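S.K.: Keeping their order, the protein sequence lines are chains D and C. Each number in this note's numbering corresponds to the 1-based position in the first sequence with 42 added. Each number in this note's numbering corresponds to the 1-based position in the second sequence with 9 added.
Bear in mind the hints are in silico, worked out from the structure with no lab data behind them. Here the structure is a predicted model, which is why all the values come from computation and not from measurement. Even glycine gets a Cβ: it sits at the ideal position worked out from N, Cα and C. Don't take each hint at face value.
Said to hold, decoys possible - Derived SDA-like pairs: lysine to any residue, alpha-carbon spacing no greater than 25 Å straight-line:
#, chain 1, residue 1, chain 2, residue 2
1, C, Lys-206, D, Gly-302
2, C, Lys-81, C, Lys-277
3, C, Lys-277, C, Tyr-84
4, C, Lys-41, D, Met-58
5, C, Lys-41, D, Glu-291
6, D, Lys-293, D, Lys-45
Said to hold, decoys possible - Per label pair, the in silico range of CB-to-CB distance:
#, chain 1, residue 1, chain 2, residue 2, range
7, D, Gly-155, C, Pro-101, 54 to 62 Å
8, C, Lys-81, D, Ser-322, 51 to 59 Å
9, D, Lys-180, C, Glu-166, 35 to 43 Å
10, C, Glu-34, D, Lys-123, 52 to 60 Å
11, D, Ser-204, C, Ser-55, 21 to 29 Å
12, C, Pro-101, D, Lys-206, 41 to 49 Å
13, D, Glu-68, C, Asp-33, 20 to 28 Å
14, C, Gln-30, D, Gly-83, 27 to 35 Å
15, C, Ser-55, D, Asn-105, 29 to 37 Å
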Amino acid sequence: EIKENDISDIIEELRMELLESDVSLEVTDKILEDLKTNLIGNKVSRSEDLEQLIKKSLKKSLNEILQYNKIDSNLVDNIKKSPKPFIIVFFGVNGVGKTTTIAKFVYLLKKNGLNVIIAAADTFRAAAQEQLAVHAKKLEVPLVKGKYGGDPASVAYDAIQSAKSRGIDVVLIDTAGRMNTDKDLTEELKRIIRIAKPNFRILVLDSLAGNDALEQARYFEDAVGYDAVILTKVDADAKGGIVLSLAYELKKPVIYLGIGQDYENLISFDPSWFLDRLFS
Amino acid sequence: MLDNIKDAVRKFLSGSSSYEQAVDEFIKDLQKALISSDVNVKLVFSLSNKIKERLKKEKPPSSLERREWFIKIVYDELSSLFGGDKQPDVVPDKIPYVIMLVGVQGSGKTTTAGKLAYFYKKKGFKVALVGADVYRPAALDQLIQLGDLIKVPVYGEQGNYDAVGIAKRGVEKFLSEKYEIIIVDTAGRHGYGEETKLLEEMKNIYDALKPDEVTLVIDASIGQKAFDLASRFNQASKVGSIIITKMDGTAKGGGALSAVAATGAIIKFIGTGEKIEELEVFNPRRFVARILGM
Ligand SMILES: Nc1nc2c(ncn2[C@@H]2O[C@H](COP(=O)(O)OP(=O)(O)OP(=O)(O)O)[C@@H](O)[C@H]2O)c(=O)[nH]1
Ligand SMILES: Nc1nc2c(ncn2[C@@H]2O[C@H](COP(=O)(O)OP(=O)(O)OP(=O)(O)O)[C@@H](O)[C@H]2O)c(=O)[nH]1
Ligand SMILES: [K+]
Ligand SMILES: [Mg+2]
Ligand SMILES: [Mg+2]
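Okay, chain C solo, but in the shape it has when bound (with noise of 0.2 Å):
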């Protein structure tokens, strides 16, 4: 389905149609493009009037070079959300760094604790893991788990139902240990009816962990709710960064970007995979790549 952006700039350069008519039926195919991808609708709308204008206004330059140059638009459009075609700086600008990881439930948060911890432990932090997820059976055993295999420490108070409490002794021990880098795992939630408490939660944690970064896990396979989501997490704790997981499957991962959206996050790392190496730093030209099925 998703080969049809190349299909569409191969017709828009052999239509023989009007310059204009072959940019409104590229806007077209790029719409659609973008929303099999699960970009947000609105989002969709409002980034393809902008390339319809620049390509509009902009002169193509000679036959030769245009389809580089017609691409070259659709990209700059997409990157410059997530502030550019630069890969992200994942090292921490201060030490110690409080990270605190948020997102709906199942998306990889506790895994990605583990991935994140072993990725800094290689680089030569001095890492440790916290636990504040009190609701989901053997929440900490998971963690623990993941901690064991990479030698990272990990706090958390089986038994307790107090996760504010249990976030802000975790992060304050380790903090006096002398810890670099600490990693905080939390409950999944989506914040919607039944669970507004969960979120009034979750910013309870924020408050007293003061931390130096929410990131918000995200599943590549998210749909059209992921603007949304992403608003209500980003209202409760400010959220810096985002991660996407499980793009090892087949989903695009276009809910990240209305996350981005969304948020005015960045993107610092995807989850290929369930093992605990299977983190990449995030690397924007191949994820608009695959947004946009090339």
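The following block holds chain D by itself, in its conformation from the complex (with noise of 0.2 Å):
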């Protein structure tokens, strides 16, 4: 029968390696916690391993938790079966890769035979218009420019217009970096959402941030809400513990991951791949 003592040392050692990979405090210890109520009291035949089994047990557990990161359906077949114009806006702090992400899209998305608009909706970071203009002419898709200083708002609504006349499966929309401790840019982003509906809201957040990505992913929900997550720059060897804080905390899917700068690095999330990881 397993006590409390018999696994402390295990315990801890995976509190370690939790925190290491940027699991926040809180949902470390939930687990943990769980994992001890699970374990406290089982027996165990002499021939197995104690922290085999504690291993296994915490990575089923694991494995459970994380299916609320799975998305019901593939989105691709979604905006396959939807009617015409598939509208996708992309927000999230700064940096983490929307734009570089909506290019990556754009590939997939042609790649299964559907055809793309981009809105430019940054009209505030120098060459964010440039920087989209490039990856629009490499991948060959139509791009609708805005005006630096201008509304984002009216970039996103022309993009649609011009989709719907043009027969355009999908919108996809770029937005500006936006610190979740702005109001002005929060309202901003819910103008741009009132105007354009989107059928589907991503939030982007880097793989590389610690506990802050919580405070972003919660703050999101709060201001606009969101269908999935896209976690980005998971190459760059972070463990990536956002997801299972996601999963946890606000039971949202992460959709696909960024492994990397060019078009082809977007794979979609698999649970497993994530769990072997993390424990890598």
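Hints given; two lone chains; assemble the complex.
M.R.: Pasting the structure below:
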């Protein structure tokens, strides 16, 4: 029979591993509490290695939690089935990878036979327009640009009108990075969403971020809400503990991971892939 | 969550438990606060052990002054990481002075290059910018737009992919034109896996320029990876200073503390917004307060 004392060393070791993977303190505590309750009092046959048993049990419960990260249906299939144009808006704090992710998304959608238009609704950051223009040219898709200092919502609106008149399947709206402390920019985002009426909202998070990622996720959920998260820069050897925190605290799906700067570096999220990484 | 350092101090002072027990309790709360602020977990333990030793060895003064004494020890130990309580000297000790900015993708290098140029220009220096990011689409346009805004010349070669050559030619050109501070913007990189060659490229730029200062630009929101990342950068090209960006957000910036521990570099500036003037000289006291949630 397993007693608290038998497992405390291993629990502390796991605590370190989870914390070092950027899983938040609260979530780490909850996960390990659950694990303890599950284990204590259980009988373990002598042959079975306690440490192995504990790790197996943890993986199993994490895998259950991570099911919250799965989305019910494939987004691309969803788009194919939906009335056109299908409108997606991307947002998040500064520099997480929104614009690059949009370019990767164009590549993915085109591969699936869909045609796309991009709305460059970041009219603020230096060369935000030019950055998307380079991508649009390379990917051979139309781009609706805005003037610096201009109204981003009207850029989104123009792109949607253009999609309607040209029979384009998908509109991808790029927005300026905005901090979760900026009230004006939050209002601006709300306005873009009110006018564009997107079918799908994506929050982009940086996998290198620590505890603040959950803060961002909570903020954008309260401010505008979103359907799914895309996690970028996973190739930077980041463990991305935010995935667990998202599942545990917000029950939000993660649909794709950015794993590099090239167009094909966008992969579907898979809980078991994430778990293997966490324990690698 | 981080208000609990204050609570911890209060608990500690009002507690009926023994002094030893009270210290242990406090240390636990301190560790939690630091970990929640994204300070590297191992660093948290080594720091808190030191603090614990001091708390147990040194005698607390009369109960009246205890609170100040207590906080002071925590402050002391944290700020000794930055080489003390004083603000950094940001005026270059020689002219001309070449600064090379490095960092992870999206950390804020290009924006910070513009901010630094503006900061030194206002101080009366003759400043120039060199754009050596040949990968990110429109990276050079971004730097040129910032340069135009503050009327600082920008060197770059559109369509050329030789970052080392561009950096070298840019710096040489501005040196020959008697510019005093030359700031070189480089591409974002992390250097893991497929990106090892990008780290080599950075080293090659460093070897070609022999800059007076390599500045690591680090996002306030970075988590546990900060320590290892900063070590890698430091190995490829010795990091002399750190700038923490996006301090206007809710992130505490503990990752930057890890980067300091990993490199021995000093923090010189913080970025507090997207605008060109939103750069402040680093203030150790305020930063420690933020990390502790006080
Ligand atoms: N290694 C790596 N780099 C990425 C990934 N996704 C984006 N990046 C890089 O991160 C940097 C910032 O990306 P952007 O797409 O400009 O980010 P953004 O969120 O649009 O930035 P703002 O619009 O300024 O807020 C660029 O250098 C990208 O190449 C990824 O999955 N892996
Ligand atoms: N809120 C805020 N945003 C910042 C700050 N510094 C930079 N940014 C923003 O962060 C984003 C990324 O900045 P860049 O300067 O493009 O970052 P970078 O490191 O040059 O990116 P790469 O060249 O792609 O690696 C932009 O949206 C900037 O406006 C800051 O201090 N506060
Ligand atoms: K970031
Ligand atoms: Mg962008
Ligand atoms: Mg840049």
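S.K.: Decide, hint by hint, whether the structure agrees.
M.R.: Checked hints:
1. C/Lys-206 - D/Gly-302: holds (14 Å)
2. C/Lys-81 - C/Lys-277: Distance of about 23 Å is within 25 Å: holds.
3. C/Lys-277 - C/Tyr-84: Holds, at roughly 19 Å.
4. C/Lys-41 - D/Met-58: holds (12 Å)
5. C/Lys-41 - D/Glu-291: The hint holds at about 19 Å.
6. D/Lys-293 - D/Lys-45: Not OK: D/Lys-293 and D/Lys-45 at ~32 Å, beyond 25 Å, violated.
7. D/Gly-155 - C/Pro-101: 54 to 62 Å: Hint holds: Cβ distance 57 Å, inside 54 to 62 Å.
8. C/Lys-81 - D/Ser-322: 51 to 59 Å: violated (42 Å)
9. D/Lys-180 - C/Glu-166: 35 to 43 Å: violated (20 Å)
10. C/Glu-34 - D/Lys-123: 52 to 60 Å: holds (58 Å)
11. D/Ser-204 - C/Ser-55: 21 to 29 Å: Between D/Ser-204 and C/Ser-55, where Cβ atoms are some 58 Å apart, the hint is violated.
12. C/Pro-101 - D/Lys-206: 41 to 49 Å: violated (57 Å)
13. D/Glu-68 - C/Asp-33: 20 to 28 Å: Given about 22 Å between the Cβ atoms, the range holds.
14. C/Gln-30 - D/Gly-83: 27 to 35 Å: holds (30 Å)
15. C/Ser-55 - D/Asn-105: 29 to 37 Å: The hint (29 to 37 Å, Cβ to Cβ) holds, given that C/Ser-55 and D/Asn-105 are roughly 34 Å apart.
Hint violations for this structure: numbers 6, 8, 9, 11, 12, all remaining hints satisfied.
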